[in-house]
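**Student:** Take a look at the letters that make up each chain.
There are 2 protein chains.
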Amino acid sequence: MTIYFDHAATTKVMPEIAEAICNSMVNDYGNPSSLHRLGMNAEKLITTAKQTISAQLRVTPSEIYFTSGGTEANNLGIMGIATAYQRNGRHLITTPIEHASVKATYELLEEQGFEVSYVKVDDNGLVDQADLVRLIRKDTILVSIMHVNNEIGIIQNIEDLGKILKQTNPSTLFHVDGIQAFGKIVTLPKKWLVDAYAISGHKIHGPKGIGAIYIRKGILIKPMIIGGHQQKDVRSGTENVPGIVGIDGATKCVIMSMVENYKKVEAIKSYLIKGLECFDSVRINSPNDHRFSTYILSVSFVGIRGEVLLHALEEQGIYVSTGSACSSNKSKAAGFLSVLGRTKEEVAGNIRFSFDPTNTFEEIDVLLKVLKEIVPMLLRYQRK
Amino acid sequence: MTIYFDHAATTKVMPEIAEAICNSMVNDYGNPSSLHRLGMNAEKLITTAKQTISAQLRVTPSEIYFTSGGTEANNLGIMGIATAYQRNGRHLITTPIEHASVKATYELLEEQGFEVSYVKVDDNGLVDQADLVRLIRKDTILVSIMHVNNEIGIIQNIEDLGKILKQTNPSTLFHVDGIQAFGKIVTLPKKWLVDAYAISGHKIHGPKGIGAIYIRKGILIKPMIIGGHQQKDVRSGTENVPGIVGIDGATKCVIMSMVENYKKVEAIKSYLIKGLECFDSVRINSPNDHRFSTYILSVSFVGIRGEVLLHALEEQGIYVSTGSACSSNKSKAAGFLSVLGRTKEEVAGNIRFSFDPTNTFEEIDVLLKVLKEIVPMLLRYQRK
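Chain order of the listed sequences is A and B. Here the first sequence is numbered in our numbering, starting from 1 and rising by one per residue. Here the second sequence is numbered in our numbering, starting from 1 and rising by one per residue.
Keep in mind that the hints were calculated from the coordinates and are not lab data. Please note that a few of the clues may not be correct.
Each pair may be met inside one copy or between any two copies, as identical chains are not told apart.
[What the hints assert, rightly or not] In silico DSBU-like links for lysine-lysine, alpha-carbon gap of 30 Å or less:
#	residue 1	residue 2
1	K222	K232
2	K232	K344
3	K103	K222
4	K44	K103
5	K232	K103
6	K264	K252
7	K232	K252
8	K103	K217
9	K344	K372
Keep in mind that this is a model prediction, so the values were computed, not measured.
For reference, chain A alone in the conformation it holds in the complex:
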């Protein structure tokens, strides 16, 4: 039995998408840069994927660039813009709760002499808009704010933030990490005055190794990966055609039933939260309200170490996370919640359930049954 509640870490590729990927590898194997028909055929697949993604984001296909994943997309959006615009200023703003791929890039820019301000967030991770206005300066060239946080699921009001940003300084550019948002909630970067919006394939049942970034037309970007001038010189290297076919298929699937999926997942999350009410030791970090993504439920089991609970659940075929997978192999692992002012025990006992419309109420029933058995046991054991 496999019950998978770790969809924010990665997802299973849908069989029909895996098949399409397989087909492209065997049949449309040309190099998109080749001048002959096999090259053109491969290029057509890229064009189609750009159309699919741009339609969903309400941008134009020429504003979509493919990367090797969300991490590269975020790196490129931030590093590419900061480096290209540094003559206009070297001040940057981000939040203290960004994904590692954003955080690390800002830290690198700081090392390179850029000044980085961190906007205040409340104890749910919501950005303090007044603080943002205070922080924006004449020389602020770039602001990065993630759309849906991967650990607690807080949704930022990107529309409002974009407005505030451009009203305060029209030349400040806006990068958004949309990796946990794309395909799950409404994502309209251009309408919301976002200049760069990063997405990933493997969070929406596409394959690993493929991501994309919307870069608003006219925005300068210094490329990171250079060489054969592919993708208008923004990102060189033979395009990952099978990956692109995969993110195309995955996008088509999720957008077809985005609203329906959201409702399904909302019911699942709500059902689990209700079931958790009987546990005295449980703190819900991301309740089922409009502020949080229904796809993510962050819970603290006070008195239990998250990792111990994770492995106990794993024994029963239930897969969860103690935080984001990207940082889970580091000692800093569950440190995220401490940024939001949670107690040591709440931080240590953090578990992230992340859902998908393929999850069922029956799976939640199994989870709750298992939790009822192991949580009291672990509490007794860990108190000794």
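Fit chain B to the supplied structure of chain A, relying on the hints for placement.
**Tutor:** Quick look at chain B alone, frame taken from chain A:
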């Protein structure tokens, strides 16, 4: 009918490898960084691939890092080393006939204040060893020389070059672009004193979007893509597990029959060269001798424009290249041969045939028959 002589641009994924990739996407879909079993299973696939590739290169598995392809691998090898070692000196050496992903990186480093010397090559592209010795200085931190050139197929004697390099300056590091060599000829980077050796999946019937680089243990490398600390912080981002499964499978296949494949391809190349003897207008740029890879045959059809011939062949279902696919969508396209002192006409009429053991004598017969029809016609037409 499809006759594909463009294997240096890219290859068809072997159906059994496509199936393995497909399987990994649907079954072993965990995030390798996840702490639970599904994560571990994915991580095991990465470990296996590192073992396969390192065994072929005679290096240790911990010296292999995965990238999004050959371009990123070359970028990382050069940029990562040059940046990490710049305190020791800012002088670099490369050749004038490197792949765009190497060339562009050296040009970028030059912009950043590094000094780049270009070692002389003869009219086949072979590096002048005496000139290399002359160029190496106390502050030379890095030398890049490609193993097998992608346009003309010249094979550099990496073993000799490594020896010369380390004898002249033991602290100069050596990066080699092995993308057209790996899986085709013997590649022993560690034995040959190479510090970084880049390879690619889609040149050996693996998928696009995956590459790898051997980085010798102890060599410092400044990462390009940063975030979740994957791959010992050398290359962050969720690993492209399906791609890694693909390059693993492809490596296993090619190494099993490398010698046999080489012989097959040698016979094919030799057969085509013999068939081309009757064309007065043909100049063979990479004859069938030990200096050149048997996988690549560069030919100039004097008096014909390569692109016109490419499309005429395409009409008959025969796919070739006018140069590397990576630069073919640029006007500089066939400029490569002019570096090697070829005449304007030889440059303009350049066609690259690149082979594979799946190619047959019958395909060469068809090609020759078609060439006998269209070459005289194109010569008449273009002279008008």
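**Student:** Does each hint hold? Answer for all of them.
**Tutor:** Comparing the hints with the structure gives:
no., hint, result
1, K222 x K232, "both (12 Å within a copy, 26 Å between copies)"
2, K232 x K344, "between (49 Å within a copy, 28 Å between copies)"
3, K103 x K222, "both (19 Å within a copy, 17 Å between copies)"
4, K44 x K103, "between (35 Å within a copy, 28 Å between copies)"
5, K232 x K103, "both (27 Å within a copy, 17 Å between copies)"
6, K264 x K252, "within (18 Å within a copy, 44 Å between copies)"
7, K232 x K252, "within (25 Å within a copy, 35 Å between copies)"
8, K103 x K217, "both (25 Å within a copy, 28 Å between copies)"
9, K344 x K372, "within (23 Å within a copy, 80 Å between copies)"
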